[in-house]
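**Student:** In case you want the letters, here they are:
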Amino acid sequence: MSDSREPGALPPLDRRDFLLLAGAAMLLSAAGPSAGTIPASRRRMLQVNGYATDAETPLDALTTYITPNDLFFVRHHWNPTYQNVGRWALTVDGEVERPLRLTLADLKKLPRASATCVLQCAGNGRAFHKPVVPGVQWKYGAVGNARWTGVRVRELLDRAGLKGSARHLHTFGADKPPVRVPPFHRSVEIEKVLEDGIVAYEMNGEPLLPLHGAPARLVVPGWAGDHWMKWLTRLSAQAEPQKGFYMETAYKYPKQPGEPGVAFKPEEMTPVTEIFVKSNITEAPAGAKVGTPAVLRGFAFSGAPDIAKVEISDDGGQTWQAAALDSQHDPYAWRLWSFRYTPRAVGKITLIARATDSRGSVQPKEAVWNQSGYLYNGWHSAEIEVGA
Amino acid sequence: MRRTPRIGWLLALLAALLVCAPAGSSAASKKRRKPAKTKPTPVNFDVKLPVLGTRLSSFPPGEGKTIADQACLACHSTDMVRQQRLTEKQWAASVTKMAGWGAEVPESKRDALIAYLVKNFGPDNDRFEPVVTRPVGR
Chain A
1 MSDSREPGAL
11 PPLDRRDFLL
21 LAGAAMLLSA
31 AGPSAGTIPA
41 SRRRMLQVNG
51 YATDAETPLD
61 ALTTYITPND
71 LFFVRHHWNP
81 TYQNVGRWAL
91 TVDGEVERPL
101 RLTLADLKKL
111 PRASATCVLQ
121 CAGNGRAFHK
131 PVVPGVQWKY
141 GAVGNARWTG
151 VRVRELLDRA
161 GLKGSARHLH
171 TFGADKPPVR
181 VPPFHRSVEI
191 EKVLEDGIVA
201 YEMNGEPLLP
211 LHGAPARLVV
221 PGWAGDHWMK
231 WLTRLSAQAE
241 PQKGFYMETA
251 YKYPKQPGEP
261 GVAFKPEEMT
271 PVTEIFVKSN
281 ITEAPAGAKV
291 GTPAVLRGFA
301 FSGAPDIAKV
311 EISDDGGQTW
321 QAAALDSQHD
331 PYAWRLWSFR
341 YTPRAVGKIT
351 LIARATDSRG
361 SVQPKEAVWN
371 QSGYLYNGWH
381 SAEIEVGA
Chain B
1001 MRRTPRIGWL
1011 LALLAALLVC
1021 APAGSSAASK
1031 KRRKPAKTKP
1041 TPVNFDVKLP
1051 VLGTRLSSFP
1061 PGEGKTIADQ
1071 ACLACHSTDM
1081 VRQQRLTEKQ
1091 WAASVTKMAG
1101 WGAEVPESKR
1111 DALIAYLVKN
1121 FGPDNDRFEP
1131 VVTRPVGR
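Same order as they appear, the protein sequences are chains A and B. My numbering puts the first residue of the first sequence at 1, with every later residue one more than the last. My numbering puts the first residue of the second sequence at 1001, with every later residue one more than the last.
Okay, chain A solo, but in the shape it has when bound (with noise of 0.2 Å):
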């Protein structure tokens, strides 16, 4: 067969050269779940207090593995006396040989660390408890998953000189509560924050936002958000717990469940620490077919570093099929998730994921009540209509 082109031009196209450049097109753009980008339609905030300002991401824009900054949930107790960087300082005392004071200068030349991890709000899903409870009535998207950088607890504590007597780390921020409102003083156990917390100063490699707790917030992987104080001025070694509202009645968990409605006694709670083992549907479609595949996503996320798997029931629960991880994973971040799933039969199909994480803990089918709605990870479900 001659060919006519002039040299170096290159061949015309035939069918199985379009199907490799597409096919290459494809993994260029979007290797796999967690690669896409959020569309303009679904960047949006869910407000559910416009003072001081609370609001939740969708769940259609909690699809990437990073959430992006700017579609990350906020939480505020009070509003913040934004602090002026130029004179920002942190204080490290207490229980230690050297007090520090460091400007935001001074931590940037220290040692950089960095962690991948979920913050999640407390309270995320405080809507779903029956019967209801006071509260930021949220739903799904008071979690997101990002990068946070800054510097290590152990090596603030290290400089400072931390003495064997220092069992607690209170944590105190810039917000002001107005009237007679308890300040949201808090501390967090010693060893985790020597293990793994970070006073981060970068979200996803960019300054804090002032909503995130600019110019530093501390991090504590894998603990709830009432953890990871905003809007940092000082860390302050202790030997005993803090006090106050915010630790002695505020943010406390029932140690066995009860009957939902019956308040819980404050000997039957202790306080909340690590995140519950939990999944939830990002995307569904709204419709499939009998026998044709159609794909399910996710992410999942715990207190324990990893996700061993999540799992799909269209049969209430009776029976399970494993979704797909996505490889990409940090300690205590979430994992993106997928499935394939072809209908056996016509009609409404309720679609349920559940998660159970590295240390074997699975998601009930139902959270544990308490009359402050912390923790909820009953499993989550979505609803498809399917044709013939």
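One thing to keep in mind: the hints can contain errors.
To be verified - Reference excerpt, derived from the structure (chain A facing chain B, CB under 10 Å, subset only): (1) SER41; (2) GLN47; (3) ASN49; (4) PRO68.
Hints listed in this document are in silico derivations from the structure and should not be mistaken for laboratory results. These numbers were taken from a predicted model, which means no experiment stands behind them. Virtual Cβ for every residue (Gly too), placed ideally from N, Cα, C.
Using the hints, position chain B against chain A.
**Tutor:** Chain B alone, transformed into the frame defined by chain A:
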């Protein structure tokens, strides 16, 4: 022999990708040498959406609205209250807690406030829908 054309196209595709990337950055570096103008921010959301932090309209009219305004709005926007669906017992407990923290609730108006809250934000009221806003900081 059949492999050569395919490889040719693939090489062309890769070359195009490689050429495009430096072309973009070289244009950007030329721009940087000129006096900086305002950096264009890509608009990748619906600009008709309200900004995050928009305050909702006032509480619904009715007996008790004035005391609700006075008691709640010093610290909250109306949506903090509007999203609750609490029983009378739960609202009474919330009012006690908030009064202890400094909310202005004269004893003579406490019952009227609780009745207003239960009527408008009780278990049987319509579901609260969050305000759809622009992304954070946009």
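**Student:** Take the hints in turn and mark each one as holding or not.
**Tutor:** Here is what the structure says about each hint:
Nearest Cβ of chain B to the Cβ of SER41 (chain A): about 7 Å, under the 10 Å cut. The hint holds. The interface hint given for GLN47 (chain A) holds, since its Cβ lies 4 Å from the closest Cβ of chain B, which is under the 10 Å cut-off. At about 5 Å, the closest approach between the beta carbon of ASN49 (chain A) and any beta carbon in chain B falls short of 10 Å, and the interface hint on this residue holds. Below 10 Å, beta-carbon pairs count as interface contacts, and PRO68 (chain A) has one with chain B at about 8 Å; its hint therefore holds.
Every hint from the earlier list agrees with this structure, and none is contradicted.
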